[in-house]
Each structure stands twice: as structure tokens, then as C-alpha cells.
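S.K.: Sequence:
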Amino acid sequence: DLPLTELLDPRESSVEQRLIHRLLDGLPAHRLEDVVFRLMRDFGEEAAARRRRVALIGLRGAGKSTLGSALAATLRNPFVELDREIEREAGISLSEVFLLYGQAGYRRIERHCLERLIRAHPEMVMTVGGGIVSEPETYNLLLRNCFTVWIKASPDEHMARVVAQGDLRPMQGNAEAMKDLARILDAREPLYRKADITLDTSGDDPAQSLSKLRQVVAA
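Each residue of the sequence shown is one higher than the one before, counting from 1 in the working numbering.
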């Protein structure tokens, strides 16, 4: 059952290498890029370095900031919020960045800040905005250089936590806001699942979620 090319290959290869070759040969072309990316991310030269940078991704209200700051304190690593770095670099608030520069300008500053943080911090805990996954180059930069954890929650809990933070805007037309949130979660779920780990915080208090997060990072 061996292909002719394998019989003619002069290089000696292990059973594992031959199995990998067969697996790759059987994949459709559109899957190869993702497989190569994952192999480089998990087994390339930067694999060990990237595990020292933990990045929490997910929608607002998942608990990224609360868990990120607590985890950083536990690990004694710097805690960085990418959104705050964007504001610091631009000298204005995020809403003003969007007004002045638009979506494209915001994404450009976001990419620049992320590159700078990766260069500056061999170890850190970072939180990023939920929409970063929609920008393929920036998201791949994050995946290649950080150990990523998708902090997930149910739409109801996302909404409740945002309101608990003092933002009452979602309560205006709540039914429509919930539908929009559910649609965003559905659309982004395949992208969020590219993270190394998924941590579901639904039904957990912060202490329980932090305990789970520490376990997955330590493992």
C-alpha cells in the first residue's frame, strides 16, 4: 500500500515521518496552510518562547481583564491590555480612534502595538479586543507569538457582565442586542477556536475561572 514515490525516496525516514507524509498527502489543499501554521506554531523554533506570553481573547464581558490581571499577579508577569496600549499610542480614546482613523486606521495601530509588545515582553499576560480575530494577519501574529486562551461565556452572561461594568447601552432594545451578540459569537466561533485553549467561564465565579486558567497555563 505504499506510493511509488515513497519507495523511491532515498532518504531514510521513521514510521512517524511516513505517517505525517501520508496525512499531509491526504489533506485538501485549502487545509494545508492551516496545518503548516499549527506545526510551526507548536513545534517551531519559537514554540517555547511563545508559551511565556499568555494572551486572552474573546468578547467583552467574558472576564478577560479580571482573569488576566489576576493571572499576571500570580505569575509575577507584566499585565498588558492591548486596547489601553492603542489609546496610549494614539493619545486618544478608542472611540475617537475609530472616528478619526476609521476601522482600517484602528487595525493598523493595533498591529503596530502588538508587534511592539511582543518585542518588548518575552513574558507577559495580555488581553486583546474581541475583534482582533477578524484581521487575519494580526491574529496570526498573535497566534504565532503567544499562548492563546479563548475566554468564553454564554451570551446572557456576556450581557450581564457588561451591564455590571456600568455600561447600560445594551439594555436599550435588549432583545435586539442579544440577537446581535449571538450572531457575533456564531460568526467568530471558528476563529476563536484557533486558540490553544478554550476556557468556558459560564456559571463560574472569578475565583473558579482563575483556578481553571492557572491549570491550563501551567499544563
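Note that these hints are calculated values from the structure, not bench results.
It is possible that some hints are incorrect.
[Claimed, not checked] Estimated spans, in silico, between C-beta atoms of each pair:
id	residue 1	residue 2	range
1	Q208	E96	32 to 40 Å
2	Q208	H30	21 to 29 Å
3	S202	Y101	20 to 28 Å
4	V15	G102	50 to 58 Å
5	T74	D186	32 to 40 Å
6	R108	R51	36 to 44 Å
7	I197	L23	20 to 28 Å
8	R108	I184	32 to 40 Å
9	G26	R84	41 to 49 Å
Each residue gets a CB set at the ideal place from its N, CA and C atoms; glycine is no exception.
S.K.: Each hint needs a verdict: does it hold in this structure or not?
M.R.: The hints, checked one at a time:
1. Q208 - E96: 32 to 40 Å: This hint holds: roughly 37 Å between Cβ atoms.
2. Q208 - H30: 21 to 29 Å: 39 Å, violated
3. S202 - Y101: 20 to 28 Å: Since S202 and Y101 have Cβ atoms about 35 Å apart, the given range 20 to 28 Å is violated.
4. V15 - G102: 50 to 58 Å: 54 Å, holds
5. T74 - D186: 32 to 40 Å: 33 Å, holds
6. R108 - R51: 36 to 44 Å: Violated, since R108 and R51 (Cβ atoms, about 28 Å apart) do not stay within the stated range.
7. I197 - L23: 20 to 28 Å: With a Cβ separation near 23 Å, I197 and L23 satisfy 20 to 28 Å, so the hint holds.
8. R108 - I184: 32 to 40 Å: 22 Å, violated
9. G26 - R84: 41 to 49 Å: Taking Cβ atoms as reference, G26 and R84 lie about 46 Å apart, which means the hint holds.
When held up to the earlier numbered hints, the structure conflicts with 2, 3, 6, 8 and fits the remainder.
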